Amino acid sequence: MNNRIVEHPILGKIDDKEMVTIKVDGKKIKAKKGEMIIAALIANGIRINRYTLKKKEPRGIFCGIGQCTDCVMVVNGRINVRTCITPVVDGMVIQTQQGLESGRDKIE
Amino acid sequence: MNRWELIVIGSGPSGLTAAIEAAKNKVKVLLIDENIKAGGQLFKQIHKFFGSSAHYSGIRGINIGENLIKKAEEVGVKVLLNRIAIGLFKGKKVVVKQGLDNKGKNIDIFEADKIVIASGASENAIYFPGWTLPGIMSAGAVQTMINVHRVLPGKKILMIGSGNVGLIVSYQLIQAGAEVKAVIEALPKIGGYEVHADKIKRLGVPIYTSHTIVEAKGNLEVEEAVIAKVDKNWQTIPNTERIFKVDTISIAAGLKPLIKLVRMADCKCIYIPELGGWVPIHNKNMETTYSGIYVAGDVTGVEEANTALEEGRLAGIAVAESLGYLDKKIACNIKTEIWERLKDLRSGPFGENRFKAKNKIIREY
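For the record, the sequence lines run as chains F and C. First residue of the first sequence? That's 17 in the working numbering, and the numbers climb one at a time after it. First residue of the second sequence? That's -15 in the working numbering, and the numbers climb one at a time after it.
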């Protein structure tokens, strides 16, 4: 699945930035160097970022600008990372966040 | 350096112009923003601005953003990105958390003679059964994804809200290749400018006024939206339901000022629904009730980018004047011109209420 907007009437053709590889729940996906994690996920058809603590309900992006924290995930072992304002880095390991992930250290 | 003559918090349109105007007049300015790029929400505004030539009419928000960032650099504004202003201490100390690149979460404390809070606004959510399903997001999020990140969060969209944001984002979704199934509006008439509504109507997008969302359905992501007609008491009318097969519901239900920092500084606030809720009161220099702390842009009431740009200029000029860098008379003339332009921006059927509300803020000071 590719949800990238390749051609755009105002913005023109998408820039062909270097691609990097990140791992999401064990699966390798391609991301554009420096783009926000959420953009790489949406480009690859992934819209669930986490499940809530009590009811285990799925959550995805809501505000997209770092205000609401609905899109947080576990990134390189660090929990509660706002994927909408955190850029990808080659080799980044991302996991769907389950509840509070309380078994993990808060900061790696 | 931890001491600055002016610290501006937020690098959106108002923060940028405040920093530029002050720095142009030799004020030493530090501009802080939590994002990795300055410009705030200008970069998702790919449409041309309205208004007079003094107000960038015909220029797209993205280009205004690039120009302002360049200008800020030219006049010597020190820009610190990826830094979050998490607090204000008495004596105008700004507590800044280092961003994502800093795993130790270090804190810096900067001192300032003057502070401009240009923290902007955040979008409102509306609540209905199923509203938390992935695929239901704010119109601003949709706009950021399609115009800044160039990804489509969905292919079939229902837009809730027919204010300018709802209308413009609907149009931009179509530009980006998505299908907008419908725009719904709880009020009996379209909220935004007719010209924006007509653009999407011409493309065949129906706008249902006096309609609200009843429910979103889906297993793990949104698959279906149920809407219904509302009566004049906002109650849904039985047997008027319509079902749309959509993968995305976009919510354009207004914004509210981000006044967390303003509150921390004990700046006096007032509740004005037309401006989005609680807003700090300020004088004609944009100075709050806390001497030396100024506000500009959406934090003082939700409007649009042009008014934010002008308010930032006002604050920047006022700061330069109060620090003794700008002659009182010259400053007065510039400020009068800006207030005249603001008056123009706050005229007409859409601007009039904002004009009145803004005057109320100043009267309260």
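It is possible that some hints are incorrect.
[As the list claims (entries may be wrong)] Okay, derived cross-link-like pairs now, DSBU-like style, lysine-lysine, Cα gap no bigger than 30 Å in a straight line: (1) C:K62 <-> C:K21; (2) C:K252 <-> C:K74; (3) F:K29 <-> C:K185; (4) F:K33 <-> C:K21; (5) F:K44 <-> F:K29; (6) F:K39 <-> C:K81; (7) C:K140 <-> F:K49; (8) C:K173 <-> C:K183; (9) C:K240 <-> C:K55; (10) C:K55 <-> F:K49; (11) F:K44 <-> C:K139; (12) C:K74 <-> C:K12; (13) C:K32 <-> F:K29; (14) C:K62 <-> C:K139; (15) C:K240 <-> F:K70; (16) F:K29 <-> F:K71; (17) C:K185 <-> C:K62; (18) C:K62 <-> F:K71; (19) C:K229 <-> F:K71; (20) F:K71 <-> C:K8; (21) F:K70 <-> C:K62; (22) C:K21 <-> F:K49; (23) C:K229 <-> C:K244.
Note that these hints are calculated values from the structure, not bench results. Bear in mind that the values here come from a model prediction, so they are computed numbers and not experimental data.
Each hint tested on the structure:
At roughly 13 Å between alpha-carbon atoms, C:K62 and C:K21 fall within 30 Å of each other, so this suggested pair holds. Distance hint between C:K252 and C:K74 is fulfilled; the C-alpha atoms sit about 15 Å from each other, no more than 30 Å. Simply put, F:K29 and C:K185 have alpha-carbon atoms about 27 Å apart, close enough for the 30 Å limit, and the pair holds. Taken as a hint, the F:K33 and C:K21 pair is honoured in the structure, with Cα atoms around 17 Å apart against an allowance of 30 Å.
Restraint check for F:K44 and F:K29: the C-alpha separation of about 26 Å stays at or below 30 Å, so the hint holds. The straight-line distance between the Cα atoms of F:K39 and C:K81 is roughly 28 Å, inside the 30 Å bound, and the hint therefore holds. A hinted pair counts as satisfied when its Cα atoms are at most 30 Å apart, and C:K140 with F:K49 qualifies at roughly 28 Å. The hinted pair formed by C:K173 and C:K183 meets the criterion: a straight-line CA distance of about 16 Å does not exceed 30 Å.
Simply put, C:K240 and C:K55 have alpha-carbon atoms about 29 Å apart, close enough for the 30 Å limit, and the pair holds. Pair hint C:K55 plus F:K49 holds up; C-alpha atoms about 27 Å apart against a cutoff of 30 Å. Taking the CA atoms of F:K44 and C:K139, the gap is about 24 Å. The hint holds against a cut of 30 Å. About 21 Å separates the Cα atoms of C:K74 and C:K12, which keeps this hinted pair within 30 Å; it holds.
Distance hint between C:K32 and F:K29 is fulfilled; the C-alpha atoms sit about 19 Å from each other, no more than 30 Å. Between C:K62 and C:K139, the direct Cα distance comes to roughly 41 Å. Violation of the 30 Å bound is thereby established for this hinted pair. With a C-alpha separation of about 29 Å, the suggested pair C:K240 and F:K70 falls inside the 30 Å cut-off, and the hint holds. Restraint check: the Cα-Cα separation between F:K29 and F:K71 comes to about 42 Å, which exceeds 30 Å; the hinted pair is violated.
With a CA separation close to 45 Å, the supplied pair C:K185 and C:K62 exceeds the 30 Å bound. Proximity of C:K62 to F:K71 is assessed by CA-CA distance (about 46 Å); at most 30 Å being required, the pair is judged violated. About 26 Å separates the Cα atoms of C:K229 and F:K71, which keeps this hinted pair within 30 Å; it holds. Between F:K71 and C:K8 the alpha-carbon distance is near 54 Å, which puts this suggested pair outside the 30 Å criterion.
The straight-line distance between the Cα atoms of F:K70 and C:K62 is roughly 45 Å, outside the 30 Å bound, and the hint therefore fails. Taking the CA atoms of C:K21 and F:K49, the gap is near 15 Å; set against the 30 Å cutoff, the hint holds. A threshold of 30 Å between alpha carbons decides the hint, and for C:K229 with C:K244 the separation of about 39 Å lies outside it, so the pair is violated.
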